[in-house]
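Chain by chain, the residues run as shown.
2 protein chains.
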Amino acid sequence: MNRSPLAPARFPDLPAVAGVDVRTARAGYKAWDRDDLTLALFRPGTSVAGVTTRSACPSPEVEWCRKALVLGTARALVVNAGNSNAFTGQRGREAVEAIAARVAGAIEALPSDVFVASTGVIGVPLPIDKAEAGIDAALATSGADWQAAAAAIATTDTFEKGASRRLSMGGHDVTLVGIAKGSGMIAPDMATMLAFVFTDAAVLPDALQAMLSRANAGSFSAITVDGDTSTSDTLLAFATGAAGNPTIESLDDNGAEPFAAALADLCRELALLVVRDGEGASKLIEVQVTGAVSDGSAHRVALSIANSPLVKTAIAGEDANWGRVVMAVGKAGEPAERDLLAIRFGATQVAREGSAVAGYDEAPVAAHLKGQEIEIGVDLGMGSGRATVWTCDLTHGYISINADYRS
Amino acid sequence: MNRSPLAPARFPDLPAVAGVDVRTARAGYKAWDRDDLTLALFRPGTSVAGVTTRSACPSPEVEWCRKALVLGTARALVVNAGNSNAFTGQRGREAVEAIAARVAGAIEALPSDVFVASTGVIGVPLPIDKAEAGIDAALATSGADWQAAAAAIATTDTFEKGASRRLSMGGHDVTLVGIAKGSGMIAPDMATMLAFVFTDAAVLPDALQAMLSRANAGSFSAITVDGDTSTSDTLLAFATGAAGNPTIESLDDNGAEPFAAALADLCRELALLVVRDGEGASKLIEVQVTGAVSDGSAHRVALSIANSPLVKTAIAGEDANWGRVVMAVGKAGEPAERDLLAIRFGATQVAREGSAVAGYDEAPVAAHLKGQEIEIGVDLGMGSGRATVWTCDLTHGYISINADYRS
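Line order of the protein sequences matches chains A and B. Once you know that position 34 of the first sequence is 34 in the UniProt record's numbering, the rest is easy, because the numbers rise by one and skip nothing. Once you know that position 221 of the second sequence is 221 in the UniProt record's numbering, the rest is easy, because the numbers rise by one and skip nothing.
Think of the hints as simulated: they come from the structure by calculation, not from any bench. Among the clues, some could well be false.
If chains are identical, the list can't say which one is meant, so a pair holds when it fits in one copy or spans any two.
Unchecked claim - In silico DMTMM-like cross-links for lysine to aspartate or glutamate, where the CA-CA straight-line distance does not exceed 20 Å:
id: 1; residue 1: Lys30; residue 2: Asp379
id: 2; residue 1: Lys67; residue 2: Glu362
id: 3; residue 1: Lys30; residue 2: Asp136
id: 4; residue 1: Lys30; residue 2: Asp129
id: 5; residue 1: Lys67; residue 2: Asp33
id: 6; residue 1: Lys67; residue 2: Asp339
id: 7; residue 1: Lys370; residue 2: Glu286
id: 8; residue 1: Lys30; residue 2: Asp319
Full structure from sequences and hints, please.
Take a look at the structure:
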């Protein structure tokens, strides 16, 4: 698979996170020549928070994480790539339990402190023997770097996705590092992929959960590649506390706000990397909706536009086909008035008050559409609700990847 | 554009409908060498019923028809192809009024007895001079055949779509003929295309409306090509009464039931023809959902499957990827239990009770997927709700048509 044309030039330099020890190993879930099991070990006292798919058919990993999240503490994370273990019945549940037990036994932790996520084909039980051998191999290695971990959690991704933030909290340097994988079955009914954030900040689980949920709303829940929501979507944040900052116990605490902002910013960067690696993507599209009756309504209208095959193919064709944007607004099922609607591509207003802007300058629109980063602005003229959603265009590449794939 | 591989071998022989006089003419809405204006004249006393798009941004034609439908009578229908006149503000409204006035003046009818539908590019006001010249030309010709009319209402369609039914009502032969056009921006928030049914039956408007709404639910509202709902969707039925049957005044009348069944059957045939001409379609997919908590819930689950790009590309690739069907059930937002779910392709059960059927015979599944008509069956195991929805696969053809199109 060719590297996405929207990929960053290189993987960033990511710092170590105190209290986190990451390793990768080759479990061999598929016949490929790469590491496909990632193991992260956390120091005792690590807080955890998470958001998982809203799919009614979640994987056993998602169910396991939901239960474990209630306790708020973590000692390890195992990520399997190449097999999602979703829709595998009792055998799938047994595989997750076996993984948690294996790691818990090795590090003298509780199984409920071991988080598990898997990604890949649906319907094939994860082979327990391969998982256990992979865990043993990972335990026997020394730490891997973040790029290796970002590569080991990937499936159809064409580049590794990682980002970091640093800030000072109560005189202590705090680090956040995140890695994520895409890149199909991406729709924002929460996260629709796997993403993990690691920080050495001291944050209690409830506060971490509140900040993560807020960060998710403006990042992983605001992206879509194909409108298809995965059964395995998982976003987890681990806070080891090794930085020694005064522990964040609630959102009102000193330092909570800048930490939450750094977390939200990091999540948005990771989410945009996922869109940049959307299957077949050649352009990144930002849809800004304003003037809706509420932020929620704006979000749904933005998603209707971002998920429309006709809008996405028009952008692929560099076609300023704003009529398709009107169509997508109209079908969203949200309050809208045709004769109040205004639409722009980039900075150029192309439609206003229910019809085309007479004689608008097509040159800047054409130039904007030839770029790799496209902005579609829609003002509904109804209220003050606003939302931004990111997606990519729909190209022959998406069809090739998904019609030629054999399960 | 090549004729769809799913097209019928030929256009059917369609009988004349007493009381209906159809003509076509060249208005020249686009630079093409074909008729693009259709005019149907009805004898006085013709009843009319209709269903229009639920888009919040409907075309002025749709708004005109909605108002005129309240009166229940029709004397003429004008269909313009190549320009939808949608999102054109006051100038678009004036074009519709001018068309109605021109025809009304020529046949001594009320403007509100003239129905108007347009299809094509969004955002360009329909040129009134071309419309008026086209109407005059149509009035000066003699009647066209149904295939000519079906061709004149088409846009990106690759074949003409028509069907007929005959029945006896109170000793009188009754005829129904329908024509329709697709083939992109097809999603079932009613009809998402233009379809017209003509009959010589005597049916009062309210009864006709009730029967048409019911027919629509199982036909045009049960198809999707790309999940994109048009701003111009219009289904109209005209009943001239020339057959001389005892007038159907309500659904309880003698003859109402067989007529309603024939109408529903005709609408379904037309709707399936629209799917068979879905942009880039190579396979017709029937999604049958059973065991839902209600018929409405089954319908929404079926649409979630039928609109999933990953399901549609899997079928294009002849891949029995039932994991993607699980995904689409899971994201539908409807009551579902992973461990009760059963899935089949054709007659072969591939998954049951939340996991794959161990060792199911893959040969009949592969053979079924190589065919042109694919059946996906999903039983949710929750209740007795059921629904059937039709769609087509998602291929490179769809991308080519829609990314290469310039507005």
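The hints, checked one at a time:
no. : hint             : result
1   : Lys30 to Asp379  : neither (47 Å within a copy, 31 Å between copies)
2   : Lys67 to Glu362  : neither (55 Å within a copy, 37 Å between copies)
3   : Lys30 to Asp136  : within (18 Å within a copy, 69 Å between copies)
4   : Lys30 to Asp129  : within (14 Å within a copy, 65 Å between copies)
5   : Lys67 to Asp33   : neither (34 Å within a copy, 66 Å between copies)
6   : Lys67 to Asp339  : between (49 Å within a copy, 18 Å between copies)
7   : Lys370 to Glu286 : within (15 Å within a copy, 39 Å between copies)
8   : Lys30 to Asp319  : between (40 Å within a copy, 18 Å between copies)
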